[in-house]
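Student: FYI, the UniProt record's numbering numbers position 119 of the sequence shown as 119, with every residue one higher than the one before it.
Since the hints were derived computationally from the structure, they do not count as laboratory data. Please note: incorrect hints may appear among the correct ones.
Think about it this way: if two alpha-carbon atoms lie no more than 25 Å apart in a straight line, the pair counts; the simulated DMTMM-like pairs of lysine to aspartate or glutamate are [as the list claims (entries may be wrong)]:
{"no.": "1", "residue 1": "K239", "residue 2": "D328"}
{"no.": "2", "residue 1": "K239", "residue 2": "E173"}
{"no.": "3", "residue 1": "K239", "residue 2": "E169"}
{"no.": "4", "residue 1": "K239", "residue 2": "D140"}
{"no.": "5", "residue 1": "K239", "residue 2": "D167"}
{"no.": "6", "residue 1": "K384", "residue 2": "E173"}
{"no.": "7", "residue 1": "K384", "residue 2": "E233"}
{"no.": "8", "residue 1": "K384", "residue 2": "D264"}
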Amino acid sequence: MNEEAMKSARTGPATHTANVDKSAESAESAETVEHELARLRRRRRIRLAAGLTAGAAVVAGGLFWLSGGLQAWLHDRALDSACDGALAADPVRELVGGAEVTAETRTGRDFWQCRVSEADEVYEEDGRIDLRVTVSDARDRFATFEADATDAPLGHGWTGGFAFDPDRERRGEATASVLLDCGGARGGGLIAEARARIDRADFGHPEARTGLTAVLTRTATAYARQQGCEVAEGAPVQKVDASVNAWDHEPFASVSGSCAGIVDPRTATRWGVRTAVETAPGPKPVEGCTLGGLRGAPLYTFTASYGPALDRIARDRLEELSDRRAGDAPDGRYVLWADCRGGADRAAYVVAPIGGTLGRTPHLTLDHQGLRAALSSFAERSAKAHGCTVSD
Numbered sequence: 001m002n003e004e005a006m007k008s009a010r011t012g013p014a015t016h017t018a019n020v021d022k023s024a025e026s027a028e029s030a031e032t033v034e035h036e037l038a039r040l041r042r043r044r045r046i047r048l049a050a051g052l053t054a055g056a057a058v059v060a061g062g063l064f065w066l067s068g069g070l071q072a073w074l075h076d077r078a079l080d081s082a083c084d085g086a087l088a089a090d091p092v093r094e095l096v097g098g099a100e101v102t103a104e105t106r107t108g109r110d111f112w113q114c115r116v117s118e119a120d121e122v123y124e125e126d127g128r129i130d131l132r133v134t135v136s137d138a139r140d141r142f143a144t145f146e147a148d149a150t151d152a153p154l155g156h157g158w159t160g161g162f163a164f165d166p167d168r169e170r171r172g173e174a175t176a177s178v179l180l181d182c183g184g185a186r187g188g189g190l191i192a193e194a195r196a197r198i199d200r201a202d203f204g205h206p207e208a209r210t211g212l213t214a215v216l217t218r219t220a221t222a223y224a225r226q227q228g229c230e231v232a233e234g235a236p237v238q239k240v241d242a243s244v245n246a247w248d249h250e251p252f253a254s255v256s257g258s259c260a261g262i263v264d265p266r267t268a269t270r271w272g273v274r275t276a277v278e279t280a281p282g283p284k285p286v287e288g289c290t291l292g293g294l295r296g297a298p299l300y301t302f303t304a305s306y307g308p309a310l311d312r313i314a315r316d317r318l319e320e321l322s323d324r325r326a327g328d329a330p331d332g333r334y335v336l337w338a339d340c341r342g343g344a345d346r347a348a349y350v351v352a353p354i355g356g357t358l359g360r361t362p363h364l365t366l367d368h369q370g371l372r373a374a375l376s377s378f379a380e381r382s383a384k385a386h387g388c389t390v391s392d
């Protein structure tokens with residue numbers, strides 16, 4: 001082999017190896033370039049998506065502003081601090097069904113009031129909203145306080161009632177009231193009342209009644225604590241009945257509420273009692289029972305009135321009954337009294353034959369001894385539920 005051939009033989013393999021290395025490097029470089037291009041394309045897509053999202057947010061925010069959404073949101077948030085921070089905002093929102101409302105505080109010589117109404121004063125299809133929670137000193141005889149023997153008790157540790165007549169055409173109107181005890185001292189308490197006219201609400205539904213009760217109890221107790229009242233708070237109310245009417249009578253033999261235990265079956269038969277109108281048991285500012293004849297015609301009423309539920313005029317008239325000379329009262333009306341603690345202060349218990357007025361004899365053959373005994377039973381049971389003591 002000549003010298004040239006031998007040189008070629010020596011350098012051939014090295015040149016092949018170099019060519020292989022260069023091919024690998026080219027392939028790797030191409031892959032790197034493709035990877036970088038892919039990465040740049042992804043970044044471009046991400047930037048584009050982010051730009052679209054930000055643009056959509058700006059457009060949505062503008063629409064929210066222009067549509068009044070921001071103002072509605074601000075109105076809604078304002079409820080959380082409304083009426084000195086005492087208003088129970090969450091149950092109010094549920095009652096008004098998402099309507100835009102405003103709240104204001106009103107004060108007077110003898111009351112504090114939180115009023116919730118529609119933000120727009122123009123009457124619209126959604127209807128009007130007028131919700132007021134009023135709190136007064138239980139000792140103030142000028143305070144407005146509506147309570148009736150036919151109100152359903154709130155129960156759950158509250159002394160209060162709920163007034164909703166299921167037979168009324170306007171089902172968005174209701175009233176709830178409660179007596180709050182401040183530390184147990186006699187006369188130391190507050191009275192609170194919630195009056196609602198909400199056209200979009202239906203207080204025939206149990207959840208609407210519990211909602212208004214929550215507004216009343218939570219708002220009143222929050223205000224009471226702000227005033228230094230060590231209020232004795234009940235439990236959250238889970239269920240509230242509706243009011244009763246004269247035609248809501250039931251057989252006397254089945255009574256289990258406010259009429260239970262007043263008269264025994266033998267006395268009821270002697271009096272001609274066959275039916276009764278009663279509420280569920282539970283302490284209320286005004287409690288009552290009506291005993292009636294075969295078709296519910298009323299014969300005798302028993303009524304208990306506590307503290308501010310007994311206005312000054314009514315109290316003076318009942319004092320006159322108490323001052324009558326001993327013996328049988330011609331009209332069959334008798335009264336007993338009880339001393340109470342807290343906002344109830346004092347209570348009066350009255351039995352009255354229907355048709356009997358002061359100095360007149362009703363069209364009944366009266367069992368005076370039986371009436372006094374029945375009143376005593378009624379008073380003792382009611383007073384016990386309120387923590388009161390019947391006077392001798």
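Student: Against each hint, give a clear statement of whether it holds in the structure.
Tutor: Hint check:
Annotation: proposed proximity of K239 to D328 is violated, straight-line Cα distance about 43 Å (limit 25 Å). Distance check on the hinted pair: K239 and E173 sit about 18 Å apart at the alpha-carbon level, within 25 Å; holds. With a CA separation close to 23 Å, the supplied pair K239 and E169 stays within the 25 Å bound. For the hint pairing K239 with D140, the CA-to-CA distance comes to about 31 Å; that exceeds 25 Å, so the pair is violated.
With a C-alpha separation of about 19 Å, the suggested pair K239 and D167 falls inside the 25 Å cut-off, and the hint holds. With a C-alpha separation of about 32 Å, the suggested pair K384 and E173 falls outside the 25 Å cut-off, and the hint is violated. For the hint linking K384 to E233, the alpha-carbon distance of about 19 Å falls within 25 Å, and the restraint holds. Only pairs whose Cα atoms come within 25 Å are accepted, and K384 paired with D264 is accepted, the gap being roughly 20 Å.
When held up to the earlier numbered hints, the structure conflicts with 1, 4, 6 and fits the remainder.
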